[in-house]
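Each chain sits in its own coordinate frame; assemble them with the hints.
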Amino acid sequence: MSFAREAGRAVRSTLVLWVLTAILYPLVMVAVGQLVFPFQANGSLITNAQGQPVGSALIGQPFTSDRYFNSRPSTTSYSTADPQADAAGVLKTGVSGASNLAPSNPALLERIQGKSDLDPEKAIEGDIPRLRKASVEPSADLIYSSGSSLDPHITPASARAQITRVAQARRLQPDQLEALITQNTDGRFLGIFGEPGVNVLKLNLALDVLKPFSP
Amino acid sequence: MLQGWMQIALTLLIVVAITPWFGNYMARVFQDHSTLLDPVLNPVERFLYALSGVRAREDMTGWQYARAILYSNLVMAVFIFTVFMLQGLLPFNPTGIGAPTWDLALHTAISFVTNTNQQHYSGETAFSYFSQFAALGFMMFTSAATGIAVSMAFIRGLTGRPLGNFYSDLTRSITRVLLPISIAGAVILMAAGIPETLAGPAVVPTLEDPAIRQAIARGPVAHYEIIKELGENGGGFFAINSAHPFENPNGFTNLIEIVALLSVPTALIYTYGIFANSLKQAWLVYGMVMAIFVGFIIITAIGEYQGNPAVNTLLGGQQPNLEGKEIRFGWAQSALFAVATTGTMCGAVNALHDSFMPNGGFVTLSNLFLQIVWGGQGTGTAYLFTYLILAVFVTGLMVGRTPEFLGRKIEKREVVLASFLLLLVHPIAILIPSAITLAVPDVSGISNPGFHGLSQVVYEYASAAANNGSGFEGLGDATPWWNLTASFSLLVGRYVPIIGLLLLADSLSRKQVVPMTSGTLRTDTRLFTGVTAGVILILGALTFFPVLALGPIAEAFQIAKGIG
Chain A
1 MSFAREAGRA
11 VRSTLVLWVL
21 TAILYPLVMV
31 AVGQLVFPFQ
41 ANGSLITNAQ
51 GQPVGSALIG
61 QPFTSDRYFN
71 SRPSTTSYST
81 ADPQADAAGV
91 LKTGVSGASN
101 LAPSNPALLE
111 RIQGKSDLDP
121 EKAIEGDIPR
131 LRKASVEPSA
141 DLIYSSGSSL
151 DPHITPASAR
161 AQITRVAQAR
171 RLQPDQLEAL
181 ITQNTDGRFL
191 GIFGEPGVNV
201 LKLNLALDVL
211 KPFSP
Chain B
1001 MLQGWMQIAL
1011 TLLIVVAITP
1021 WFGNYMARVF
1031 QDHSTLLDPV
1041 LNPVERFLYA
1051 LSGVRAREDM
1061 TGWQYARAIL
1071 YSNLVMAVFI
1081 FTVFMLQGLL
1091 PFNPTGIGAP
1101 TWDLALHTAI
1111 SFVTNTNQQH
1121 YSGETAFSYF
1131 SQFAALGFMM
1141 FTSAATGIAV
1151 SMAFIRGLTG
1161 RPLGNFYSDL
1171 TRSITRVLLP
1181 ISIAGAVILM
1191 AAGIPETLAG
1201 PAVVPTLEDP
1211 AIRQAIARGP
1221 VAHYEIIKEL
1231 GENGGGFFAI
1241 NSAHPFENPN
1251 GFTNLIEIVA
1261 LLSVPTALIY
1271 TYGIFANSLK
1281 QAWLVYGMVM
1291 AIFVGFIIIT
1301 AIGEYQGNPA
1311 VNTLLGGQQP
1321 NLEGKEIRFG
1331 WAQSALFAVA
1341 TTGTMCGAVN
1351 ALHDSFMPNG
1361 GFVTLSNLFL
1371 QIVWGGQGTG
1381 TAYLFTYLIL
1391 AVFVTGLMVG
1401 RTPEFLGRKI
1411 EKREVVLASF
1421 LLLLVHPIAI
1431 LIPSAITLAV
1441 PDVSGISNPG
1451 FHGLSQVVYE
1461 YASAAANNGS
1471 GFEGLGDATP
1481 WWNLTASFSL
1491 LVGRYVPIIG
1501 LLLLADSLSR
1511 KQVVPMTSGT
1521 LRTDTRLFTG
1531 VTAGVILILG
1541 ALTFFPVLAL
1551 GPIAEAFQIA
1561 KGIG
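Chains as they are written, first to last, in our numbering: chain A, 1 to 215; chain B, 1001 to 1564.
One chain only, chain B, in its complex shape (with noise of 0.2 Å):
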């Protein structure tokens, strides 16, 4: 048990150490300032923006970046859907696979421009090479870029600049970060055994008995893995994501996986403590989401470590619950992968969560609807920065002082947007649907009876609109019904946070700054961390708590009592 203890807390400590590095690297890059790759970048950038007559240093308000994000989202969105209904005539499609029904093809398109990735198919089975490496994989670079750019756009709105343009914070997230990352980790993940090939599956007789042939999907696997899981995308070339050997086949893979998921949001937050002239309070701050994160970690790994009560019976003694895991990755990294995952809105998996000890559920679940234990793409960072200012005006109503943040008054407007962003948009998005699909008969597609359940259904929308993508998969959600009404989760959970993230930033960036006095409360202190870290608590969890209860807490009870 030590063993894998240790595993996961080297994993951890390599995330921290990358996060100065990594994070002042994105302070320069979006800063402005010289980098390294500069004498190569500058005029590929500079050819990029002619060819798509972008005015890279014009600044724009809050609302032009918002219906910048809208128009290019909107365009791409419609781009892949059409790479969609026409596979069955475009190349590279050595499987003949034919068009998906419209509504597969409306879901997967806005599951993945919202940087979700949720998937309601099987690659194998449902999408042509070209499909996946044109349309999908494009998604994963500028979906990526896209929440890249508003924490960016919302960073620089809290320190008082300008916002910045849309056109050149997304280049510049793929030129300078994503593209050059991907291309050393598809390397490497290909000399780690990754495939990247254009050929069809390789059919052969089995050693057992060769009357019986085994069929080997592969395809372009390696560059596509390496951004599912630095851009957070997460959604799996094959159809069991990242428990496919093809998709992450040894402990290095997998270690490589995890590191990259991650690395982006927790940078973030450095990046912000550049911006902000404040490091003590970036990583405070980094240290309060470390601890709520390892905190579900070892929930998750208790767990999965002590296994199912009812088959260690059988067994005759303790084993780790290994239903739906790999060998390769046991008990220790499948845990951690889990809450990485779910954390960050990857979505990507390595062991199926549906079959995880209702601790796994309780902390996954939990992890979808808190959305800052590192958080989506850029936009978990954005949230994160809201609940402190959540904080900085419920401490100072409590002290009786006008709340400031960065020396910028938080009033109604800050207030009523960053409490509609966190504390309304989310729960409409999730417990509404829910509530109506386990309400209408024969349409939840619930495969796993009792609380457990109820937990899928939920789980599907709050994957949906926290934008994670990961799914409690042994539901039946390859239907109409649940493909467009999570596309309402996916649109409603990713665009309207995103409009009131940059309406607040430009609502900071005009107001003066006020002097900071004796009398100033300091944000970058222990004790207001702690603060926060309670309002994230109370405000974040309680909204879902009855969720949790009548879910996973109700069938860990019920597990505890014995299931018959």
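So that you can see chain A by itself, here it is in the shape it has in the complex (with noise of 0.2 Å):
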């Protein structure tokens, strides 16, 4: 067969699927999430009662108040910036990311148990002393980073370990704080695959009003 033949041929082909699956299949596919699942195809946003969104019901923010349920260490901040010292243009896509530390990197170990150096911006307060230093007893998911530096969820014993600390903050029962950790706890899919955690966004929302925070 000629060359040009084979050519030409790839170079139909190659069209005619292209229109297939990366036109059509595509736009079909956003006309059915923007019509069938509108909160879900818009990345279920959470909303406030003027109808701002406020956060995302899947992307975790962060937390490190005594006022609210503490969320995992993110190397991204949760996607945050402040907008007056975006050089970086974070709040222009949005972003997700790793530390991708090894097991037996030893910087690891420093982020985790901390680093005194006479230099204070060489030191590091390490994980495990900052949760000690807010009561809360550490566990593996409040001291090892995440994966999408996103992750919405504690583990519920993580969730239980900071009620007191909370429940002094804003001066509420701790047994009125365990029954909203249990509304807003994702369970496993059939209570088999997964495992469960608690929608540390959703919570404090649900905190703010039960009884919104006052000094």
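Note that these hints are calculated values from the structure, not bench results.
Treat the numbers as computed from the prediction; the structure is a model and nothing was measured.
Among the hints, a few may not be true.
Now the stretches of chain A that chain B is said to cover, found in silico as 3 or more residues with beta-carbon under 8 Å [as the list claims (entries may be wrong)]:
no.: 1; segment: 40-48
no.: 2; segment: 59-70
no.: 3; segment: 132-143
no.: 4; segment: 148-159
Have a look at the derived ranges for each label pair, beta carbon to beta carbon [said to hold, decoys possible]:
no.: 5; chain 1: A; residue 1: LEU27; chain 2: B; residue 2: ILE1538; range: 47 to 53 Å
no.: 6; chain 1: A; residue 1: GLU121; chain 2: B; residue 2: THR1082; range: 25 to 31 Å
no.: 7; chain 1: B; residue 1: VAL1016; chain 2: A; residue 2: ASP119; range: 56 to 62 Å
no.: 8; chain 1: A; residue 1: ASP86; chain 2: B; residue 2: LEU1010; range: 41 to 47 Å
no.: 9; chain 1: B; residue 1: LEU1010; chain 2: A; residue 2: GLY8; range: 46 to 52 Å
no.: 10; chain 1: A; residue 1: ASP119; chain 2: B; residue 2: LEU1090; range: 47 to 53 Å
no.: 11; chain 1: A; residue 1: PHE3; chain 2: B; residue 2: TYR1495; range: 15 to 21 Å
no.: 12; chain 1: A; residue 1: ARG171; chain 2: B; residue 2: ALA1099; range: 52 to 58 Å
no.: 13; chain 1: A; residue 1: ALA85; chain 2: B; residue 2: PRO1480; range: 27 to 33 Å
Computed footprint of chain B on chain A; a stretch qualifies when at least three of its residues, placed anywhere within it, have a C-beta under 8 Å from a C-beta of chain B [stated by the list, open to error]:
no.: 14; segment: 2-12
no.: 15; segment: 105-116
no.: 16; segment: 193-201
Note that CB positions come from ideal geometry on N, CA and C, so glycine has one too.
What follows is the structure, encoded as structure tokens:
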């Protein structure tokens, strides 16, 4: 077969399959998503009473203060930035990422247990000292950084370990918080696949509804 | 712990349950038997063939088939490279992303046309929605379909049939296998929470401090996600792939993704059984691969479950290693996903392999070296039966008989091709560039010190050469050096074996069938399957054992001794 004929057939097949799989298929799926599943298709956005989006039901947010249940360590601070100082352009596109630290990397241990240094720039607070200072018992999920840096969950045990602290800051009864945790726990699929996790953003939104924070 | 093992066992049971049904369906499709979708698809395919000028019933020789693959893949690669370089001018670019560097665009084009999906970029910041769905998503169909086509030509040749027509196999793989399942899967994934929108990122004030904003990246993800797994492509829409809550939001989507990425290579073994009229042999081979697979899962899962001893000391008790893992998957689903994705050459990740314990590093690297623990889309199945041919030759030598496989004599040409494919090409494409990269100063981009750094470099080339695409992602690989040298491994690891496999199939299909006698060495026995497993582990793994010893095995000893 001649070169021209073979090349022509390759070009024509490429174009035909391109229209089918790369134009028709995606655009039809976008239409289905927007018409049939508008909530999920647009990112499961949670809105406040005024209808403004305040986050996604599937994406975590940074929480480090005493008045909220704290989320996991994140290498991108949950794709957040100060709009006044966003040199890296995080808010332009959104980001995800992980530490990619090997278990044998000394930097992993330094991050977890902290490192003192005469130069305060080089000192590392450490995840375990940070949690101990907040009187939260350290657990694997609160010291290891997540895969996506956007993990919406902490384990139910780690949520319960924070009850005392949050109850004190908010002047609430611990059993009220216990109930909120149960309500905001996503279970395993069919009770079998995956691991249960407490959705920290939804939990903290429910917390604000229950009793807005007053210092 | 028991609950974790049960999740893994049930997932594998689902895969096994689907195999006969799906394998039978693919056999019917590629033997031109009637199937349920015929009334819709026959006219569609006739229309597609007419538009592209394909004569679907025209059988090709091995060389013609290989040339058709090379021509079409070259056209596709040039096409998507052009899309990348022009993406700043093209539509569906809500975040205003400009053209990537030429070397990144080249590496990405080669990586996606070869079904590898190795990514030296972050999806959020490097490619527009148009580049993602119209270029990368396009390759997810065609490269996977190319793999299925190769396996079909190979199986036809092995069983004495004409090899078929590449364009017909390519089209039918898409219209009858990949596209219908993707449409159903995309709808299911959307219902389960995966976005499918052309709107740009949502920027919201954070709850704790409204002065700080969060950017929630979105996009047309669901339709992309399902073909990413089903076609064993593995290139994430977002930087962090299936660990991202928008690519894999819960235990249900995770189950769908794992089953999807295992479904085609497992079923193709059954399809072979139908073509060869020997389901017994197919199940024996299936059982052998499953045994290796389960062993690998156990090794990996135990490492993650037991966690990092140095950190456990600080915590005052044993806890799983959750660095780079998501809560909703935990140690069990993360370990299962890692072994499945490296075994099948999918390359999607739901947890970061760089942060796995050395057990996981050992297994994921071994999967990339062996290439048959289910193996790449189509090509893995072909490698598996090439190993059977080598095992026939080895046992034939031991007992002093002429080796035969399915009644066809295995002679010099076949053994040369088979051993060249399995024993030479892969090590050349991995070890030589690894050695050069480690020897040249300042190019390696290693981010983790010590033995793990060696693993990072070897993993990157192994992933490229095996057309897997996962990585030890700490590696600083967004450089011209990595883009160009990895492109070499990608091309050699894809096209040299494909040409070899087609020539091998061609030469087997032309042989006279020798009648089976009492003296024939039967290949559908447990003994022979056991010997094949030995051949795979000895020939396939020994080549790479020094690397495993210097990488993950040494790292395991280092951790056992105490980091410091």
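Hints versus structure:
no.: 1; hint: 40-48; result: holds (count 6)
no.: 2; hint: 59-70; result: holds (count 8)
no.: 3; hint: 132-143; result: holds (count 5)
no.: 4; hint: 148-159; result: holds (count 8)
no.: 5; hint: LEU27(A) / ILE1538(B): 47 to 53 Å; result: holds (51 Å)
no.: 6; hint: GLU121(A) / THR1082(B): 25 to 31 Å; result: violated (47 Å)
no.: 7; hint: VAL1016(B) / ASP119(A): 56 to 62 Å; result: holds (58 Å)
no.: 8; hint: ASP86(A) / LEU1010(B): 41 to 47 Å; result: holds (45 Å)
no.: 9; hint: LEU1010(B) / GLY8(A): 46 to 52 Å; result: holds (50 Å)
no.: 10; hint: ASP119(A) / LEU1090(B): 47 to 53 Å; result: holds (48 Å)
no.: 11; hint: PHE3(A) / TYR1495(B): 15 to 21 Å; result: holds (18 Å)
no.: 12; hint: ARG171(A) / ALA1099(B): 52 to 58 Å; result: holds (56 Å)
no.: 13; hint: ALA85(A) / PRO1480(B): 27 to 33 Å; result: holds (32 Å)
no.: 14; hint: 2-12; result: holds (count 7)
no.: 15; hint: 105-116; result: holds (count 6)
no.: 16; hint: 193-201; result: holds (count 5)
Checked against the numbered hints above, the structure violates only hint 6.
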